[in-house]
Amino acid sequence: MTATHATTDLKDAEGPAGRAGPAKVAAPRRPAPSGRALRTAGFHLSAGLLSALWLLPIALVLVTSTRTFDDIAAHGVGSWPHSFTFDSFRQAWVDGGQQRALINSMLVTIPTVLLSLGLASMAAFALSRYDLPFRRVLLLLMLGGNLLPPQILLIPVSKLSEMLGIYDQLYALIGVQVGFGVGFYVFVLHGFMRAIPGEIQQAAVIDGANPWQIYWRIILPLARPALAALTALSFTWIFNDLLWAITVLRTDTQMPITASLIGLQGQYVSMWNVIAAGSVIAAAPTVAVFLRFQRYFVAGLNLGAVK
Amino acid sequence: MALLGSTRRSRATRVPPVVLAFVLVPLLAEAFWVFWPALQGFYLSLTSWDGLSAPKFVGLGNFSEMVHDEVFRTAAINTVLWLLLFGGLSAALGLGAALLLQQERRGIGFYRAALFLPVVFSLVATALVWQAMYQPDGLINNVLEAIGLGGWKHAWLADQDTAFYAVIVPALWRQVGYVMVLYLAGLKGIDPVLYEAAKVDGATRLQQFRHITLPQLRSVNAVVLSVIVIDSLRSFDVVWALTRGGPYHSSELLSTYMYSTAFQSLRLGYGSALAVVIFVLAFGVIASYLVRAFREADS
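For the protein sequence lines, the chains are P and F, in the order given. All the letters of the first sequence, read from the start, carry residue numbers 1 to 307 under UniProt numbering. All the letters of the second sequence, read from the start, carry residue numbers 1 to 299 under UniProt numbering.
What the hints contain is simulated information worked out from the structure, not anything from laboratory work. Using N, Cα and C, we set each Cβ at its ideal position, and we do this for glycine too. Possibly wrong hints are sitting among the right ones.
[Unchecked claim] Distance ranges between label pairs, derived from CB positions:
1. F:Ser265 with P:Arg135: 23 to 29 Å
2. P:Arg39 with F:His154: 35 to 41 Å
3. F:Pro17 with P:Gly263: 17 to 23 Å
[Unchecked claim] Some chain F residues flagged as far from chain P (calculated, every beta-carbon gap over 12 Å):
4. Leu85
5. Tyr134
6. Pro136
[Stated by the list, open to error] Away from chain P, derived, C-beta distances all over 10 Å, residues of chain F:
7. Ala54
8. Ser122
9. Gly177
10. Leu187
11. Phe209
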């Protein structure tokens with residue numbers, strides 16, 4: 001620890017001497033802080049510019065969504081705003097059918113997240129805590145299914161849902177999203193549950209707990225961090241999906257928000273205020289989840305990273 | 001794992017039935033929605049099918065048709081180009097952002113969040129945000145005009161020469177934050193002692209980067225590579241929302257071509273064959289990802 005600090009200080013002390021040179025000699029006690037200040041300013045300048053560049057499109061869509069159509073038609077979509085209204089949100093929400101679409105999205109996303117994480121945690125529990133035959137093969141088979149490019153599944157899945165009589169119904173979307181996603185969640189949760197010490201489970205077995213109780217009362221609560229991370233992550237994935245939705249659904253009133261956004265794009269050609277408002281509505285739920293569960297989110301992305 | 005010691009024998013012989021059900025139910029769900037359809041997909045690639053009458057077996061006919069298909073050639077070249085450009089740039093920019101933002105200090109959370117925020121947007125929303133900027137009277141042309149580059153003004157999405165690149169930029173904007181997060185975790189895992197030793201030996205910043213940071217990031221690089229390749233081949237939404245693969249197929253990817261062939265032209269057999277090509281392109285990466293996963297599950 002001491003060594004670390006010593007070298008860090010050394011490095012910082014060298015900075016100004018090298019960069020500012022003799023000018024700083026006059027104030028021998030100041031060089032370290034001012035060098036650091038210079039470096040800090042440089043850092044904040046570059047990181048700030050980068051962040052501003054990254055946030056610019058978001059700021060722009062927010063501004064566009066509060067302009068009137070007349071303003072955009074008169075001054076162009078890229079000009080400074082000359083108006084302020086929330087009317088475009090009403091148009092997108094009511095006339096554009098975004099309300100219905102957002103409800104559809106939630107009707108698909110929430111059951112899919114619960115169902116796939118429920119099923120995946122069961123499989124991960126069994127595969128990580130019991131000496132099942134072929135458990136490694138099963139684990140990799142399930143992960144492999146998730147890595148397939150979805151294109152190979154699109155045609156058969158749409159025909160399959162037609163055959164089942166659930167084509168153009170939200171059940172079909174829930175079904176395929178659960179089936180396709182579960183393999184990845186099993187893999188991640190397996191890695192996490194494997195690390196839970198066996199003694200805890202042994203104690204429960206001695207106390208007479210059955211497998212269901214061990215799963216529900218012991219392993220699941222202990223796996224909460226991984227489950228939280230996967231919940232945040234899978235919520236955005238499923239909510240943001242377009243491809244599965246347009247594969248198994250057809251009617252406009254059944255479409256979730258991403259697909260309905262494409263409908264909005266076709267319906268309100270060059271009415272950028274309405275399209276921007278629609279985009280804001282479509283992005284708001286995942287942004288809320290991100291801001292609220294940022295920590296889990298980042299953890300989740302790294303959980304999925306196989307080293 | 002310690003659990004397996006003394007109780008191994010009894011469990012190896014008799015796993016409680018409920019535990020078997022725990023595995024079988026999810027496995028069947030995946031088999032039903034993924035494995036079985038995937039097998040059908042491979043079979044369908046050998047057929048000619050309009051979706052109404054029964055599929056007609058044509059052997060490798062679909063694949064030999066691809067050889068003469070101009071659009072297929074464009075889509076395949078674009079897909080590879082997409083992989084290289086989108087993949088290479090998102091890795092480079094993600095690593096650069098991670099290096100810039102690796103040190104914990106005041107304000108770092110804000111900068112990281114700013115770069116990461118687009119990751120949570122759907123690709124469709126991302127596409128629409130950028131579509132407005134790309135308009136002839138949009139922000140990008142206005143800025144070019146303002147800085148005296150009025151001659152560069154373009155109908156970015158409507159021009160065959162620029163549409164493809166105009167579609168990559170939004171995809172990159174959204175991907176960089178994701179790659180950055182992966183690299184940030186990787187950088188955090190490097191032992192600081194290595195850098196101190198290098199400093200004592202008088203290594204410059206650049207030398208430290210080349211001889212410590214890059215080699216230490218090897219495992220993260222492998223992860224990033226898998227993520228990028230899989231994401232590239234899946235890229236569909238952003239192209240579909242911005243150009244539908246046009247104008248004149250100039251921004252067509254295999255994924256968009258497959259979708260329009262199957263669901264708009266209703267050539268389901270040929271569409272399946274295109275999907276098989278995508279699978280073959282992804283196969284190497286999927287296999288290496290699984291090998292690494294296998295090693296991890298083993299340890």
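Notebook entry, point to check: Any of the earlier hints contradicted here, and which numbers?
Noted result: 1, 3, 5, 6, 8, 9
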